[in-house]
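Here the protein sequences come in this chain order: Y and E. Last residue of the first sequence: 629 (the working numbering), numbering continuous. Last residue of the second sequence: 182 (the working numbering), numbering continuous.
These aren't lab readings, by the way, just hints derived from the structure by calculation. Predicted model, so just to flag it, every value in this text is computed and none were measured. Any given hint could turn out to be false.
Once the Cα atoms are required to be at most 30 Å apart in a straight line, the calculated DSS-like pairs of lysine-lysine come out as [as the list claims (entries may be wrong)]: (1) Y:LYS88 <-> Y:LYS483; (2) E:LYS20 <-> Y:LYS387; (3) E:LYS151 <-> Y:LYS323; (4) E:LYS20 <-> Y:LYS392; (5) E:LYS151 <-> Y:LYS620; (6) Y:LYS388 <-> E:LYS20.
Rough simulated footprint, nothing fancy, chain Y against chain E, three-plus residues with beta-carbon under 8 Å [what the hints assert, rightly or not]: (7) 62–75; (8) 84–97; (9) 123–137; (10) 143–149; (11) 156–168; (12) 171–182.
Facing chain Y, according to a computed beta carbon distance under 8 Å, are these residues of chain E, among others [what the hints assert, rightly or not]: (13) GLY4; (14) ILE5; (15) PRO8; (16) TRP13; (17) TRP14; (18) TRP32; (19) MET36; (20) GLU79.
Note that the Cβ used here is the ideal one computed from N, Cα and C, for glycine as well.
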Amino acid sequence: MAEFRTCPDTGFKIDLNADKLIKWNAVTAVVFLLIGGLFGLLVALTRWPAVHLLDADLFYLALTAHGLDVLLVWCIFFEIALLYFTSAILLNARMVFPKIAWIGYWMMLIGALITNVAVLRGDSSVMFTSYPPMMAAQDFYLGIILFAVGALLGCLVFFATLHVARKEKTYEGSIPLVTFGAMTAAIIAVFTILSGAIILVPTWFWSLGLLSHIDTIMYRVIWWGMGHSSQQVNVAAQIACWYAIAAILFGAKPLSEKVSRTAFLLYILFLQLASAHHLLVDPGLSSEYKIFNTSYALYLAVLGSMIHGLTVPGAIEAAQRKKGLNKGLFEWLTKAPWGNPVFAGMALSVVLFGFLGGISGVMMGTEQLNLITHNTIYVPGHFHGTVVVGTTLTFMAISYWIVPTLWQKELVFPGLAKWQPYLFGIGMGLAATFMMGAGTLGVPRRHWDMTFADSAMGFDFPAAANLMMGLNGVAAVMGSIGAAIFILNMVGTILWGKAKVPAAAAPAEEAPAEPNVTGAATSYGSAGTMEVPGTFVLAMIFLVSFVLYYFVNWKYLSSVWGLS
Amino acid sequence: MGIFPPPQRVWWNQPIEKSEVMWITIAFIWALVMFFMMPYWHLVGEQNLSNEAYKIKPEVYAEKVETWAAKYTVREEGDTGIPVVRPPAGSDVYMLGRLWEWWPVLELEKGQSYRFHLSSLDWMHGWSLLPENINIQVHPNYEMIFTVKPTSSGEFGVICNEFCGIGHHTMVGKIHVVDK
Ligand code: HEM
Ligand SMILES: [Cu+2]
Ligand SMILES: [Cu+2]
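Chain Y extracted, bound-state conformation (with noise of 0.2 Å):
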C-alpha cells in the first residue's frame, strides 16, 4: 500500500515512492549534466583556434559523448522526475507501479552506461546521430536502447499513475495545466521512443552483422522521427515548468486554460512528422514533401510556442497586476523577484529560447534557407538556443525549488544561486550566437581544424571565424562556471543542505505556505477580461525581431550562386 508524508511547504501529500523515484531520477541527470558538460566543455575548447586542446580522436570522442551525455541522458532523467513530480504529486495520488518505475531507472541508468563505456572505449566516436554506413560497436546501440525501453516504462507509469488519480478521485475536474503539459511531453515521447526503436533496433543487428545494409536516407528521416520529436519533448516539459514556476511564485493562472491546452495539442498534432528539416538538403525527397512536413508539420507547432511566449509571461504579468504592480507597461516586469534564481532561470529562458533557439530554428527550417546553414556550426548555435538556454535552464531554475522543497533542505550557497542563471544563460546564450555567426560564414560544424592545416589543399576561413570561434570558447567558458555552480548547489544542498524548519523557514518568495498556494486555487476567478499590455509590448518586439531577421537571410540566400 502507498504510504504519504505531506510537504509541509505546499501541502502536497507526497507518495513516497514517488518521493524516492523523483530524487533519483533527478540527482542521476544532474551527474550526467556534470559529466556531458564536461565534455562539452572540452569540446568547446579545442573548437577555441588559439586553445585547440583535444587531440583530434579524443576530441571526435568527446563531441561523441557530450551529445548523448546532455541531450539524451541528461534531459530523459529530468524529464522521468517530472512525469513523477506532475503525476503523483501534483495530483495528490498514489504512484502506480513503483517496481516498474525503478526496473525502467536502472534500465536507463545501465543503458547509459553501457553507451558510454563504449565511446569512451574509443570505438564508437559515431556522434549521437550514428549515421550509417559507419558503423559504432554493437553495445553502443544497445545501451541506447536499453535506455530507451527504460524511458518508455517511465512514461507508462506516468499513464497509470493519471489513470488511477482519475479513478480515485484524488482531483476533481480536469488535470491540471502543467500536469496537461507534462502529458503532452509523455505522448510525444512514446512516439519519439518508437520511432527510436523502429530505426535503432534494424541498426543493432546490422553491428551485430545480421543485416547487410541499412539505406542511409530512410534512415535520417527515420532517426530524425525520433530525433526532432524528443526535442518537442523537451519543449513540452519546458514550457510545463515555466506555468509551474508562475504558478509557484506568483499563483499565476493561465490566461485561458483553453488556449495553453490547444497550444500544448498543437505539439501532439503537429509535431510527429516534422523530421523533414533535418533532410531539406538531401537527395531523393520531393519539394512538396519538404515545404508540407516543416510548415504543415513545423509551423503549426511554432504556433504553439508563440502561443505559450504570450501566455506565459502573460499569465505572470495579470497577476503582478492583480497584487497591485499595475503601474505603466512593465512595473509588473521590473518589480519582479530577479534575485530569486527560479524566477530568473525561467525569464531568462523564455527570452532566450524564444529569441536564439525559436527564430533561428525557424530559419533554418525553411527549404531554401537551409542551403546557407545546413551543417554549419550555426546548428549547433540554434539548438544552444533551444536545448541548453531553453530546456536546460529552465530544468535548473525549477530545481532550485524542487530540490529544497522535496528533501527539506536550505540551498547551501544562495548567494551562488542569485548569480548562477545569469552566468549560464547569458555564457551559453552568447556562445550559441557565436557559433551562429561563425555559421554563417560557413564554419563547419563536428569538425576538428578549421585551418585545415593536414590538408592538401586549404581553405582560409576569414579572420571574423576565428574570431567568433575564439569568442565562443570565452562564452563557453563562462557558460560551464554557471553549470559547475549549479551543479554544486545541488549536490551540496542535497549532501550537506541545513533542514528547513518547516514551512516558516521557506523563504516567502520562494515557495508560498499552503494556505496560500491552496487558497490561491479555488479562490482566484478566471483572468478573464484582464488585460496584458506589457506581455503585448514584449510579444510585438520579438514577432519584429522574428520578421526582419527571416528576411535578411532570405536576402543572403539571394546573393549566392545560382541553383536549380
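With chain Y's structure known, arrange chain E with the ligands on it following the hints.
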C-alpha cells in the same frame, strides 16, 4: 493556477483574453507568410535545390566520374596530383566524395549553368562550398543532380561538414571559376 486543476470544470467555455486573440491571429498570419515564401521562391528565386536523384552503386559512380574526368582534364592542381577538370560550358560535371577528399578539382565558367552530379563512395559527407556557404548532404548509393550557376569568379573551397571519421577535417576540394 497552473499546478492545480482549473477552478471551472468547464474551462473550455471560458472567454479568451483579447491580447491572446490578437496575438494568435498575428502569429497565424506570420506562419502563413512563412509557408508561402517557400513555393514563392520556387517560382521567382534563383536558389532552389533540385530533387533529382538516382540510386547508383558506388563503383558505377566512381567509374563514371573517372571516365568523364579523363576526358576533360586540363592540368594538375599545383603539386597535389589531383586533376583539374574543365568540362565544356553548360555540360554535365561530376564530383565525388570519399575518405577524405572531394575529387576532382573543377574549373567552371562564370555565368554558365552546369548539371552537377554528386555522390559519395563510402560514408555520408557534407558538401560545403565556401565562401558561398552552400551546403548539401551527400549520401552513398544516391547520385544527386542539380543545376549550378556560378555567379562569382575566383577560387572556391569545398569542405566536408558531415562527420566522416578521423580524417574528416582534412577533406577539402576546390572549384575554380573563371571569367569567360
Ligand atoms: C557546459 C555547457 C556546454 C558547452 C560549453 C557546450 C559546447 C558545445 C560545443 C562547442 C559544441 C559543438 C560543436 C561542434 O559541432 O563542433 C556542442 C555540441 C552539442 N551540444 Fe553542447 N555545450 C554545453 C551544454 C550542452 C547541453 C546542456 C546540451 C543539451 C541539453 C548540449 C547539447 C549539444 C549537442 C546535442 C551537440 C551536438 C553534438 C554533435 O554534433 O554530435 N550542450 N556543445
Ligand atoms: Cu528537428
Ligand atoms: Cu566529413
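Hint-by-hint comparison with the structure:
Under the criterion of a C-alpha separation no larger than 30 Å, the hint pairing Y:LYS88 with Y:LYS483 is consistent with the structure, at around 23 Å. Our distance criterion of 30 Å between C-alpha atoms is met by E:LYS20 and Y:LYS387, whose separation comes to about 17 Å. Of the pairs offered as hints, the one joining E:LYS151 and Y:LYS323 is violated, with about 51 Å between alpha carbons and a cut-off of 30 Å exceeded. With a C-alpha separation of about 20 Å, the suggested pairing of E:LYS20 with Y:LYS392 holds against the 30 Å cut-off.
Our distance criterion of 30 Å between C-alpha atoms is met by E:LYS151 and Y:LYS620, whose separation comes to about 18 Å. In summary, the hint linking Y:LYS388 to E:LYS20 is supported, as the alpha carbons are separated by about 21 Å, within the 30 Å threshold. With 0 residues carrying a beta carbon less than 8 Å from a beta carbon of chain Y, the stretch 62–75 of chain E misses the three-residue requirement, and the given coverage is violated. Figure legend: the stretch 84–97 of chain E, annotated as covered by chain Y; annotation inconsistent (1 residues with Cβ-Cβ distances under 8 Å, at least 3 required).
With a cut-off of 8 Å between beta carbons, the stretch 123–137 of chain E has 12 residues touching chain Y; three or more are needed, and the interface restraint holds. For the stretch 143–149 of chain E, the assignment as covered by chain Y holds, since 6 residues bring a beta-carbon within under 8 Å of that chain's beta-carbons and 3 suffice. With a cut-off of 8 Å between beta carbons, the stretch 156–168 of chain E has 9 residues touching chain Y; three or more are needed, and the interface restraint holds. By the rule of at least three residues with a Cβ nearer than 8 Å to a Cβ of chain Y, the coverage given for the stretch 171–182 of chain E holds, with 6 such residues.
Nearest Cβ of chain Y to the Cβ of E:GLY4: about 4 Å, under the 8 Å cut. The hint holds. The criterion of a C-beta within 8 Å of any C-beta in chain Y is met by E:ILE5, whose closest approach is roughly 5 Å, and the hint holds. Look at E:PRO8: its Cβ gets to within about 5 Å of chain Y, closer than 8 Å, so that hint holds up. The criterion of a C-beta within 8 Å of any C-beta in chain Y is met by E:TRP13, whose closest approach is roughly 4 Å, and the hint holds.
Taking 8 Å as the C-beta cut-off, the interface hint given for E:TRP14 holds, the closest approach to chain Y being about 5 Å. At a threshold of 8 Å, the smallest CB-CB gap from E:TRP32 to chain Y is about 7 Å, leaving the interface hint in force. Taking 8 Å as the C-beta contact cut-off toward chain Y, the hint placing E:MET36 at the interface holds, the least distance being around 6 Å. Of the supplied interface hints, the one on E:GLU79 holds, with its beta-carbon coming within about 7 Å of a beta-carbon of chain Y, less than 8 Å.
When each numbered hint is compared with the structure, violations occur for hints 3, 7 and 8.
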